[in-house]
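Colleague: Sequence:
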Amino acid sequence: MASGDETRVAIVGGGVAGIACAQSLVANGFGKRVDIYDQGSRGPGGRTSSSRPVEVNGETMAFDHGAQFFTADDPKFKAVCEELKAKGYVARWDGVFGTLNAFDGVFIPKRRVETAGPPRRDFFKLLTADEVLVGVPTNQALCEGLRALAGDDVTAHWHTTVTGLDRDASGKTWSVSGVNKRRLDEGQAGSKEKRLSGRNAAVVVCDVMAARKGTPGTCAVTGLPDSGDAANAWAAFANPKVPERVGLFSCMLAFDAAAPKPEFDAAVVTGSDVINLLVRDSSKPGRVKRKDGLERWVAVTTIEYAERTIASAPLTVDGEYNPQTAEYFANIEPGIVNEARRILGVACGDDDGEYPAPHHAKCQRWGAAYHSGAVGEGVPGGVCFFDMDAGFGMAGDFVQGPGVEAAWLSGEAAGRATVR
Numbered sequence: 001m002a003s004g005d006e007t008r009v010a011i012v013g014g015g016v017a018g019i020a021c022a023q024s025l026v027a028n029g030f031g032k033r034v035d036i037y038d039q040g041s042r043g044p045g046g047r048t049s050s051s052r053p054v055e056v057n058g059e060t061m062a063f064d065h066g067a068q069f070f071t072a073d074d075p076k077f078k079a080v081c082e083e084l085k086a087k088g089y090v091a092r093w094d095g096v097f098g099t100l101n102a103f104d105g106v107f108i109p110k111r112r113v114e115t116a117g118p119p120r121r122d123f124f125k126l127l128t129a130d131e132v133l134v135g136v137p138t139n140q141a142l143c144e145g146l147r148a149l150a151g152d153d154v155t156a157h158w159h160t161t162v163t164g165l166d167r168d169a170s171g172k173t174w175s176v177s178g179v180n181k182r183r184l185d186e187g188q189a190g191s192k193e194k195r196l197s198g199r200n201a202a203v204v205v206c207d208v209m210a211a212r213k214g215t216p217g218t219c220a221v222t223g224l225p226d227s228g229d230a231a232n233a234w235a236a237f238a239n240p241k242v243p244e245r246v247g248l249f250s251c252m253l254a255f256d257a258a259a260p261k262p263e264f265d266a267a268v269v270t271g272s273d274v275i276n277l278l279v280r281d282s283s284k285p286g287r288v289k290r291k292d293g294l295e296r297w298v299a300v301t302t303i304e305y306a307e308r309t310i311a312s313a314p315l316t317v318d319g320e321y322n323p324q325t326a327e328y329f330a331n332i333e334p335g336i337v338n339e340a341r342r343i344l345g346v347a348c349g350d351d352d353g354e355y356p357a358p359h360h361a362k363c364q365r366w367g368a369a370y371h372s373g374a375v376g377e378g379v380p381g382g383v384c385f386f387d388m389d390a391g392f393g394m395a396g397d398f399v400q401g402p403g404v405e406a407a408w409l410s411g412e413a414a415g416r417a418t419v420r
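Position 360 of the sequence shown, counting from 1, maps to 360 under the UniProt record's numbering, and the rest follow consecutively.
Accuracy of the hints is not assured; some may be wrong.
[Unchecked claim] What follows is a set of in silico ranges between Cβ atoms, one per label pair, in the way DEER data are often shown: (1) Asp256 to Asp351: 19 to 27 angstroms; (2) Glu320 to Asn28: 35 to 43 angstroms; (3) Tyr328 to Ala148: 34 to 42 angstroms; (4) Gly31 to Ala357: 54 to 62 angstroms; (5) Ser227 to Asp104: 56 to 64 angstroms; (6) His360 to Tyr328: 17 to 25 angstroms; (7) His359 to Ala169: 53 to 61 angstroms; (8) Gly319 to Gly271: 34 to 42 angstroms; (9) Ala235 to Asp352: 51 to 59 angstroms; (10) Gly43 to Ser170: 30 to 38 angstroms.
[Said to hold, decoys possible] Taking lysine-lysine pairs in the DSBU-like style, the calculated list, with each CA pair at most 35 angstroms apart, reads: (11) Lys289 to Lys78; (12) Lys76 to Lys32; (13) Lys291 to Lys261; (14) Lys78 to Lys32; (15) Lys362 to Lys78; (16) Lys289 to Lys362; (17) Lys362 to Lys85.
Source of the hints: derived by calculation from the structure; they are not laboratory data. Even glycine gets a Cβ: it sits at the ideal position worked out from N, Cα and C.
All chains should be built: construct the whole structure from the sequences, respecting the hints.
Modeller: See below:
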């Protein structure tokens, strides 16, 4: 890595992998500036971020509209989670978990699912993990905590879309260009103000959208060698089929306090073509208790439903990002809401699946909720990628495999590789 004032690192992506990379750089003795760039307007978190607060009955509420929880098996990630627990950013969720039959409403608790053998369908280890964790007061706190552990040497640039990474003719430094406040969602102000960072000795891309054409995060990379590890890695990540991204929809729902209460806090749903997971968001530790008693729920769709829906309501139109507007969801949201209500009704003993209408409902599209596999096996490094000669790296769950822990492990390894 270069020395002097140019010894700074730019990280593209402020989700778990990107912030873990920054934290790892600092923890492994990198004494210069680290810049994180993320296109999201909600602050840190990426897919672990929380929804924008909305006002219902004079009180604001927010949901975990992406990742619903996470688990920790690796000793290093476990140690970080314990530190975040001690600091109040993370807590154990001792909820009632299991599987729910969407037709007869039969709920099988987690302990019985486990003793009966491998579950037919799990959701990111909800049914098998010894400990289920969440951020406090929302899952966004996980990345806020990781960001706090990284310290003052890390500068975050939220709502900044990186559009170009350019390696200079000497091959020693990189410049980062981008757009401030690009409009991604309805009701969100946007601009096309250009920005250019200082010279960076290295860049680490932790957002797979940067390598994929037709996404809001598409990024042009110039100056990489025509051949070699860096060129091969970028080509591998740019391939939309390896690993294939998995789209999902989530639906945030708030029901009256008098609505019937099912016996679970989170259930992997079987037998529904639409809903894969139902989560009582209000049951998670550290959540704000509302005066009106509204209960927050999140429904996560099946992969098959998302594939069908995105095929008819695509992520891009004529090569341009298709924003998540009310018009976009007009023919999508009612079906998800109605199926969630039907399943909750059946779970509460109503044979016809009757359940009260929600006070609030809003859907979120995740074009790349996670990836069906990983490209790590075909890339030097496996867990992450970093080419010391080019000063170029990539990390994330698209390298290591799906899940919050996998993203953290990849980012942490990339930070170590960059310092080495």
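Colleague: Each of the hints needs a verdict: does it hold here or not?
Modeller: The hints, checked one at a time:
1. Asp256 to Asp351: 19 to 27 angstroms: Holds: the Cβ-Cβ distance is about 22 angstroms, inside 19 to 27 angstroms.
2. Glu320 to Asn28: 35 to 43 angstroms: For glutamate 320 and asparagine 28 the Cβ distance comes to about 40 angstroms; the hint holds.
3. Tyr328 to Ala148: 34 to 42 angstroms: 36 angstroms, holds
4. Gly31 to Ala357: 54 to 62 angstroms: 57 angstroms, holds
5. Ser227 to Asp104: 56 to 64 angstroms: Distance hint for serine 227, aspartate 104 holds at roughly 59 angstroms.
6. His360 to Tyr328: 17 to 25 angstroms: 18 angstroms, holds
7. His359 to Ala169: 53 to 61 angstroms: 59 angstroms, holds
8. Gly319 to Gly271: 34 to 42 angstroms: With a Cβ separation near 38 angstroms, glycine 319 and glycine 271 satisfy 34 to 42 angstroms, so the hint holds.
9. Ala235 to Asp352: 51 to 59 angstroms: 54 angstroms, holds
10. Gly43 to Ser170: 30 to 38 angstroms: 36 angstroms, holds
11. Lys289 to Lys78: 29 angstroms, holds
12. Lys76 to Lys32: 24 angstroms, holds
13. Lys291 to Lys261: With Cα atoms ~18 angstroms apart, lysine 291 and lysine 261 stay inside 35 angstroms; holds.
14. Lys78 to Lys32: 27 angstroms, holds
15. Lys362 to Lys78: 34 angstroms, holds
16. Lys289 to Lys362: 20 angstroms, holds
17. Lys362 to Lys85: 30 angstroms, holds
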